[in-house]
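So in the working numbering, spot 59 of the sequence shown is number 74, and the numbers just go up one at a time.
If you are wondering where the hints come from, they were derived from the structure by calculation, not from laboratory data. Yeah, the Cβ is synthetic: ideal placement off N, Cα and C, and Gly gets one too. Heads up, a few of these hints could be off.
With a straight-line Cα cutoff of 27 angstroms, these simulated DSS-like cross-link-like pairs (lysine-lysine) come out [stated by the list, open to error]:
| # | residue 1 | residue 2 |
| --- | --- | --- |
| 1 | K66 | K27 |
| 2 | K66 | K45 |
| 3 | K45 | K27 |
What follows is a set of in silico ranges between Cβ atoms, one per label pair, in the way DEER data are often shown [as the list claims (entries may be wrong)]:
| # | residue 1 | residue 2 | range |
| --- | --- | --- | --- |
| 4 | P72 | Q21 | 32 to 40 angstroms |
| 5 | T22 | P72 | 31 to 39 angstroms |
| 6 | V68 | Q21 | 27 to 35 angstroms |
| 7 | Q21 | K75 | 36 to 44 angstroms |
| 8 | V73 | V40 | 13 to 21 angstroms |
| 9 | W53 | Q21 | 27 to 35 angstroms |
| 10 | L23 | S76 | 24 to 32 angstroms |
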Amino acid sequence: SIIDTQTLTITKTFPVPGGPDDMEVSEDGKELWITNRWIRQVSVVDLSTDKVVRTIPVGKSPHGIFFEHHAARQ
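Using the sequences and the hints given, assemble the complete structure.
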């Protein structure tokens, strides 16, 4: 869910299966990646349509998701 921190109300939800656990917005702000803990998947949501555009099978009980930005590496 997206929560308005001023009013503490839910403004948007993303229905994904399997116990959604953690979320991360892509660097370009176009996608939301959500771990689905109980079904061993990550859902990718297109934020312009709020639709799941892909699911990625992963290992047991995915918990936590982070993007590493390589631009600063030499």
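Okay, the hints, checked on the actual structure:
Simply put, K66 and K27 have alpha-carbon atoms about 12 angstroms apart, close enough for the 27 angstroms limit, and the pair holds. The straight-line distance between the Cα atoms of K66 and K45 is roughly 12 angstroms, inside the 27 angstroms bound, and the hint therefore holds. Straight-line distance between C-alpha atoms of K45 and K27 comes to about 16 angstroms, which keeps the hinted pair within the 27 angstroms bound. The supplied range of 32 to 40 angstroms is met by P72 and Q21, whose beta-carbon atoms lie about 38 angstroms from each other.
Hint check: T22 to P72, Cβ distance near 37 angstroms, so the stated range 31 to 39 angstroms holds. Checking the proposed 27 to 35 angstroms range against V68 and Q21 shows it holds: the Cβ atoms sit about 30 angstroms from each other. Between Q21 and K75 the beta carbon distance is about 38 angstroms. The supplied range of 36 to 44 angstroms therefore holds. For V73 and V40, the Cβ-Cβ distance of about 18 angstroms falls inside the hinted range of 13 to 21 angstroms, so the restraint holds.
Range check, W53 to Q21: Cβ separation about 33 angstroms, and the 27 to 35 angstroms hint holds. The supplied range of 24 to 32 angstroms is met by L23 and S76, whose beta-carbon atoms lie about 30 angstroms from each other.
Hint check: no violations occur; every hint is consistent with the structure.
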